[in-house]
Amino acid sequence: MDRVTLEDVYAEQFDFVWRCLRSLGVPAGALDDAAQDVFVIVHRRLQDFRGDASLPTWLFGIARNVASNHRRRAARKQAPLVDLAEELPSVGPGPAEYVQDQEAAAFVNRFMDGLNEDKRGLFFLALLEGMAIPEVAAALALPVNTAYTRVRRLRLEFQQALARRETAA
Amino acid sequence: MTSFTDERDLLAAARRGLSPTAADRARVLRAIRGVIAAGDAGSNGDVPPGGAPRLITRARRLVAMGAVAVAAAGVGYLGGFRAGRRQAAFDASLSTAASSSAERPKLVTRSPAAERAGIGHLPAAPSRDVADAPALPPAVRRRAHAAPVPPPTLDETPSSSLTVELEGLRAVERALRDGKPGFALSLLRELDDKVPKGRLLEERLATRTIARCAAGDVPMGIDLAEEFADRYPDSVYGRRVADACPRTDSRRSGD
Chain G
1 MDRVTLEDVY
11 AEQFDFVWRC
21 LRSLGVPAGA
31 LDDAAQDVFV
41 IVHRRLQDFR
51 GDASLPTWLF
61 GIARNVASNH
71 RRRAARKQAP
81 LVDLAEELPS
91 VGPGPAEYVQ
101 DQEAAAFVNR
111 FMDGLNEDKR
121 GLFFLALLEG
131 MAIPEVAAAL
141 ALPVNTAYTR
151 VRRLRLEFQQ
161 ALARRETAA
Chain E
1001 MTSFTDERDL
1011 LAAARRGLSP
1021 TAADRARVLR
1031 AIRGVIAAGD
1041 AGSNGDVPPG
1051 GAPRLITRAR
1061 RLVAMGAVAV
1071 AAAGVGYLGG
1081 FRAGRRQAAF
1091 DASLSTAASS
1101 SAERPKLVTR
1111 SPAAERAGIG
1121 HLPAAPSRDV
1131 ADAPALPPAV
1141 RRRAHAAPVP
1151 PPTLDETPSS
1161 SLTVELEGLR
1171 AVERALRDGK
1181 PGFALSLLRE
1191 LDDKVPKGRL
1201 LEERLATRTI
1211 ARCAAGDVPM
1221 GIDLAEEFAD
1231 RYPDSVYGRR
1241 VADACPRTDS
1251 RRSGD
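Going line by line, the protein sequences match chains G and E.
Using the working numbering, the letters of the first sequence map in sequence onto residues 1 to 169.
Using the working numbering, the letters of the second sequence map in sequence onto residues 1001 to 1255.
Next comes chain E alone, as it looks inside the complex (with noise of 0.2 Å):
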């Protein structure tokens, strides 16, 4: 045991123990990014005056569309009962489709860069560790100054798909840190099922690539974090993907 005769040796020794390593910062800025991006997806990625939280202002956009909605079957109802029971039929269907086409367009996406850039870019000058972290795209201006774009509904919304996604991996990251490879892949297994195109593709392949080495599902010849670094050459998980998968006699050896 380490002998320290000095309080304040020891407070500093503790302050640096207690401090987050370069993984830790650059892990969670990219979890920061993503639930960020996910706000910002379907709003014009303002927050609200008064900070209130957006997901309240994206309910009460939900709720003046489920008003507006039931206001135009009722009025599709009361025209039925004067044409007759077959002419509302057809008028409830007309309206229920006019007003669903009207408050429901297709869903605008982003483009992948813009889905991803959930802040701007970091300071000119980071501080040291700070930079290891992977460099943020360019920051992506409001689109205030495109035309509006009519709020999804909520279970084609990106940030829902998103949400989903963030949730699936850190139930996987659970699972490993847990040492349960197995159930680690299955919960991806069970992500790829429920999106199957989602944006954090290299966050997938790097928990899957562990999880396979920690699980010993490692093909003979393969080395799977060769792989993932050819695929992702700059990813901040090459180091710990590498770390996780032992090297073995690779294609390379010749074999």
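One chain only, chain G, in its complex shape (with noise of 0.2 Å):
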């Protein structure tokens, strides 16, 4: 296997392991923090990765650690924290389709907010991610047939919060 560099994954996979710490309850202000200490791990423990597991799922186990360390010391320090605006120039989406996605992510981020730590996992690597459930069930230490049953519940639940959400529309 070629040698994988911390640039490569950095540039691969940082979405990923952003939009992972946002999903797994990193609170806004403590963002850049975190994904500054999941990459400072990833690069002392680089040269341990065999790939065995896939890149993604090597680094969410990485990612739920430290976005759980995060969680209890935002919950110690109960500090409000204020996202600063700062934005570079949008090459992406005009601003409808920011407003859209800002929307959709808020009303993902609410339905996560009343998940456990478990279901958590298992939505952002199967629904969000859209991981082959084999590989989510290798990210969880759970039963192949364990996670698609679990998967297959909350996509339903997730189904019947967005229907609810339609409907008060």
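Errors might be hidden in some of the hints.
Claimed, not checked - Here are the simulated distance ranges between beta carbons: (1) G:141 to E:1222: 58 to 66 Å; (2) E:1217 to G:53: 45 to 53 Å; (3) G:149 to E:1215: 27 to 35 Å; (4) G:157 to E:1003: 41 to 49 Å.
Keep in mind that the hints were calculated from the coordinates and are not lab data.
Nothing here was measured: the structure is a model prediction, and the numbers come from that model.
No residue lacks a Cβ here, since even glycine has one placed at the ideal position from N, Cα and C.
Dock the two chains into a complex; use the hints.
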């Protein structure tokens, strides 16, 4: 296997790690620190990465621990952190699409807030990231059939929440 | 409220909404480079076998250094009893001086470019957004080929001052996020006192400029963002500084 470098991992997986941290409940004000922590750990451990699991699966394990630490820290601090408005000029969607994406992200975040940690991981990997169920099962140390069943239930729950949202609208 | 009838559409939109911006990527990359550079300073830059944290290796070195120093002092003390108190004090001071000069030679510093290079260069074809991040300097070859550099003392290490700097700048960022530019400025002054000649000068100036603009501490006719851009034309913070500092009728307007 070709040697993977930190730069490769950063370039390819930073977005995944960021979404993962956000989905796992890291407060917005702590996202920078959490993402930094993940990649510093990656830097230290990359030579131990043998490729037995996929890179996202490996990163998910690291990000989950880091997210857990940051959530605990944030709970102790209880200091409100406000996002600094810091955006480079958008090269992507226009304002309407941006608002739509943010609304969708807020809805998904609210839904995930109601889930326990295991279900959050399942939702993030299987539904949000669209990872294959056997890989999800490996990342969460679940039997594959159990993962299938739980994802099916979770999807149903999510569809119901979505239907309620549409009715309310 | 936007209506989503299809679960997949909503999830795709949420995925985009949860993704980082180019500014997020660039900012975190710089922070990671700083932390890695801090970790590499004072060691040869290798990750220890088994991926053990470098801090442990350094702690072991310090313990070993301490043990050697204690042994040397003990030998000097015993010698002092034999030769008389006065001579002993002299011997002890000599042995202490000898041991400290042997164990703690002058700090060898690296060039600023080497200090900043925490990770190597980006891949040949980086993704679109990572390409927005500042170009990294060429990879710094490990110092294993150079003569071995003994570990410096903890207080003098470049890594410890860089850590103080990083921590300070994080606190400044938090203060800015909390909408407390005045507090951010006092934190920056405190940081200037603690680490007068730091390595993250660009970051300091960027946050100072943003804080000053947010606090309204802008002299008439002076465009702080422009001054920042003059000093660091390729800075990744340029846009953020410019956004924070509204344009004034600057020197160019002739007043």
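For each hint, the structure was consulted:
Distance hint check for residue 141 of chain G and residue 1222 of chain E: the Cβ-Cβ separation is about 59 Å, which falls inside the suggested range of 58 to 66 Å. At roughly 52 Å, the beta-carbon separation of residue 1217 of chain E and residue 53 of chain G lies within the given 45 to 53 Å, and the hint holds. For the pair residue 149 of chain G and residue 1215 of chain E, the beta carbons lie near 56 Å from each other, so the given range of 27 to 35 Å is not met. Checked against the hint of 41 to 49 Å, the pair residue 157 of chain G and residue 1003 of chain E fails, with Cβ atoms roughly 20 Å apart.
Of the numbered hints listed earlier, those contradicted by the structure are 3, 4.
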